[in-house]
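K.L.:
One letter stands for each residue in the lines below.
Number of protein chains: 2
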Amino acid sequence: MLYIIGLGLSDERDITVKGLDAVKSSERIYLEAYTSVLMIEKEKLEAFYEKPVTIADREMVESDSDQILDNAQNVNVSFLVVGDPFGATTHTDLVIRAKELGIPVQIIHNASIMNAIGACGLQLYNFGQTISMRPDSWYPRVKENTDIGLHTLCLLDIKVKEQSLENMARGRLIYEPPRYMTVNTCLEQMLEIEELRKEGAYGPETLAIGCVRLGTATQQFIAGTMEQLVNEDFGAPLHSLVLIGKRMHIMEFEMVRSFCPEQHQAKFEEIFKRDYEA
Amino acid sequence: MLYIIGLGLSDERDITVKGLDAVKSSERIYLEAYTSVLMIEKEKLEAFYEKPVTIADREMVESDSDQILDNAQNVNVSFLVVGDPFGATTHTDLVIRAKELGIPVQIIHNASIMNAIGACGLQLYNFGQTISMRPDSWYPRVKENTDIGLHTLCLLDIKVKEQSLENMARGRLIYEPPRYMTVNTCLEQMLEIEELRKEGAYGPETLAIGCVRLGTATQQFIAGTMEQLVNEDFGAPLHSLVLIGKRMHIMEFEMVRSFCPEQHQAKFEEIFKRDYEA
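So the sequences go chain by chain: A and B.
Position 205 (the first sequence) corresponds to 205 in the numbering used here; numbering is contiguous.
Position 5 (the second sequence) corresponds to 5 in the numbering used here; numbering is contiguous.
Treat each hint with caution, since some may be false.
PhoX-like cross-link-like pairs, simulated, lysine-lysine; straight-line CA separation at most 20 Å [to be verified]:
| # | chain 1 | residue 1 | chain 2 | residue 2 |
| --- | --- | --- | --- | --- |
| 1 | B | 24 | B | 51 |
| 2 | B | 246 | B | 267 |
| 3 | B | 143 | A | 246 |
| 4 | B | 24 | B | 44 |
| 5 | A | 143 | A | 42 |
| 6 | B | 246 | A | 143 |
| 7 | A | 246 | A | 273 |
| 8 | A | 42 | A | 159 |
| 9 | B | 143 | A | 143 |
Looking from chain A toward chain B, a few residues come up when the C-beta cut is under 10 Å (computed) [unchecked claim]:
| # | residue |
| --- | --- |
| 10 | 83 |
| 11 | 118 |
| 12 | 131 |
| 13 | 144 |
| 14 | 145 |
Keep in mind the hints are simulated off the structure, nothing from the lab.
Every value quoted in this text rests on a predicted model; they were computed, and no experiment measured them.
Glycine included, each C-beta is placed from N, C-alpha and C at the ideal position.
Isolated chain A, as found in the complex (with noise of 0.2 Å):
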């Protein structure tokens, strides 16, 4: 059998009983690891598990994925992914690879971004379609959501395993540490963006919260409008974004306005009487 298991938003705890179990019976486990970023070490996991855990990059999944199902039409073996099977990627090569060679397949789901998201005091049901931070087409899709009044998840960029040009170019296999973009970054980037096409997907003014941590025991919302959030301080990683549509309701609004900071409460609530409430 092989186990596709979630790991859930932050530490080894947060398993679930039926993935532990999975995990104890297997006799290899790997874990996904350039899709997302664990926020605990693997050492960690193993400490849990009582069991070493192999790292699975990016080559070893989509090029070499015979060896990560090697026997398991006889043995068990884990596949853990950062939050939920289905949240970045779907993993679907490693699914179809498994049925092609007659090794059932078991997913075991947890929490990701997608549904915790909810925490920041939006209902899961005005959210538009979902955007990654990435430079290709994240703006029409944003205008989409804002044209209809649903609020965007933004999913900030992550860089892992990436080579410095010096190393690339001599071709040596050393990775520079993994990069984060900070919402402030990602606030900058989409206010810059927006000045160039004026399209007015969102605007300085757009009511906005920064999510940090999220499902993490340091978890952090703050909301504002995208200026004020620019130069906002968010500490350590990771962060996402939330771009407020204009059909936030009164209860959305209530809860929200209470991870503003108190010095930006007349303005998000003087923003919302003038965009928002009509």
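Given the coordinates of chain A, work out where chain B should sit on it, guided by the hints.
P.N.:
Chain B only, in chain A's frame:
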């Protein structure tokens, strides 16, 4: 401490290790039983926790929350919610009341249908707003998703603790067994509404996926056109439905086609080529 703990989608072993620790440390345990229907019985939870569990119905949570919160400044109390605590409802009132009473609150997240739906083969990024099939404003919301080519997750109506007219008239607190909308009923109603409104939010040949018992051992996906799926047998609850948006990617198509009964695959491909691929 008030712990608000997601139970996940299927059985008692879908709670996280962290959630189970919180339950074990609690003096009282409440199970929220009005916004969703647990697929396992209270008795199974009690056996697994080795502790009594109190069912919290809407009256208790909305009118008598101080009973739930009693002395939670000094002892731990667990409030269990099927799925994730921020799924259907956000339990905002309970959190606000706890804060007023100086009771710390900790949320323990879990999977909900909002992320587990990724198992149907469609990318979460390509979903628009989720709709709830209650007789209010769902139609314009589906239309908004359709117009920009996004998928729509439709959560079907669940009726819990409803009284018959006779029992209500006689003031007898006898409740009907829970009732679940089936994919079939949902599709019939949707197609009737489209016949009346003719705004083109969808039609008999729109591609869709019936998703049943998501996250459980008997989970099943059946893909087809809306009119084909009306006649499929989806079995026991819970049911939900996904309408596929025009932006479906070829990789999504290939995954979803594998959920299509063989006799319907040719039609499925034909419609994909005619209406989606362009």
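K.L.:
For each hint, tell me whether it holds in the structure or not.
P.N.:
Okay, the hints, checked on the actual structure:
no.: 1; hint: B:24 to B:51; verdict: 8 Å, holds
no.: 2; hint: B:246 to B:267; verdict: 16 Å, holds
no.: 3; hint: B:143 to A:246; verdict: 18 Å, holds
no.: 4; hint: B:24 to B:44; verdict: 15 Å, holds
no.: 5; hint: A:143 to A:42; verdict: 39 Å, violated
no.: 6; hint: B:246 to A:143; verdict: 18 Å, holds
no.: 7; hint: A:246 to A:273; verdict: 11 Å, holds
no.: 8; hint: A:42 to A:159; verdict: 18 Å, holds
no.: 9; hint: B:143 to A:143; verdict: 17 Å, holds
no.: 10; hint: 83; verdict: 8 Å, holds
no.: 11; hint: 118; verdict: 3 Å, holds
no.: 12; hint: 131; verdict: 7 Å, holds
no.: 13; hint: 144; verdict: 5 Å, holds
no.: 14; hint: 145; verdict: 8 Å, holds
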